[in-house]
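Number of protein chains: 2
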Amino acid sequence: MAGKVFFSVSMSLDGFIAPADVPYSPRWMAQWTELQQWIFPQRYLRERLKLGEGGEEGRDNDIVRETFERIGASVMGKRMFDLGEPAWPEEAPFHTPVFVVTHTKRDPWERPGGTTFHFVNDGIERALDRAREAAGDRDVRIAGGGATILAYLNAGLIDEFTIALSPVLFGAGTRLFEGVDADRVALDLVCAEPSPRVTHLTYALRKR
Amino acid sequence: MAGKVFFSVSMSLDGFIAPADVPYSPRWMAQWTELQQWIFPQRYLRERLKLGEGGEEGRDNDIVRETFERIGASVMGKRMFDLGEPAWPEEAPFHTPVFVVTHTKRDPWERPGGTTFHFVNDGIERALDRAREAAGDRDVRIAGGGATILAYLNAGLIDEFTIALSPVLFGAGTRLFEGVDADRVALDLVCAEPSPRVTHLTYALRKR
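Residue numbers (numbering that gives the first Met the number 0), protein chains in the order written: chain R, 0 to 207; chain B, 0 to 207.
Treat the hints as calculated values from the structure; they're not laboratory data.
Treat the hints with caution; some may be incorrect.
[Unchecked claim] Covered by chain B, according to a simulated footprint, are these stretches of chain R (three or more residues, beta-carbon under 8 Å): (1) 8-16; (2) 45-55; (3) 195-204.
Just so it is clear, CB atoms sit at the ideal spot from N, CA and C, and this is done for glycine as well.
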């Protein structure tokens, strides 16, 4: 049985998944850190990113672990890859095949720790097909960024998604749902789970 | 002891509190109904709006009752009043004093059932002062619409707010937080409560 196609992001209460401003500028970093403040203290993430020992082990930590453990392969857009390439540690934090939707032709890029980036030049459906094949019966995560998630959403290719709704307002930035085809995409609330730091919301998609 | 100043709205997952399109047009009504689908089956609201007997009596119903029972006075903007005036039943559904922020000069308009509309011509702070005075130790609700809520939010005059986050995407419409002063307004998550139909989120405000 094939796995699900999902995405999982942290979103500000006003709907942004990334701040305005130049990536990694001081203001961008400050807002980004607020948005992600729930995830960095979690023990599973700290171990995975080699940020140090210890960390929180409550429900937030379980959710981080469950999210990573279900992933058999990831898909990401060119912009997310280009921003990540200089920033990820040598042992890139995916530990699965990653299919990058891009016009750039490039050989697969294998990193220590199990992450291999494959560059797919023939569109989002083909990238997803290859990710499904690589994932087997595990799930495919559409890792981002916003434009790539939206393309899959509007194409009807997402089964479900999870939002960690952070108690922060950005006012400007990249909106998760900017350009969503609201006449086509309908949601069922699967699960809403408050944690001390955020609210975890899971929705399944159905066509209208 | 003075009460709190709060607002309480239903918001789509992509951040809208009202649809695009002309109010009361078929498409507007369809989206509005989806956004508010959680509230109309509730027994307390059905009784209050005289929609008929019966209705749901779970946690959503308690939340509707608690929201209305805490209100000592309401404040609304001119646009919300102008849209509501021809649409509300003769027994307008507020049952408290309502202070309308407007440039229109008009005598108080008393409706059966305890709602009296007062027209305040000297700004949002004065309207709030009068509402606080009328509310005594009960709370003041900033009823809407979006522009009025935002004006109070950016002026630092809101103590807390509740959002019923509906599992629906609008794609366009009136955004609750469009134009929020994110450098000034910071949030603490007070309570997140899932119900079968929506997610009830309560935040307290603090200045940065």
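Hint check:
no. : hint    : verdict
1   : 8-16    : holds (count 3)
2   : 45-55   : violated (count 0)
3   : 195-204 : holds (count 5)
Figure legend: structure checked against the earlier numbered hints; the only hint not met is number 2.
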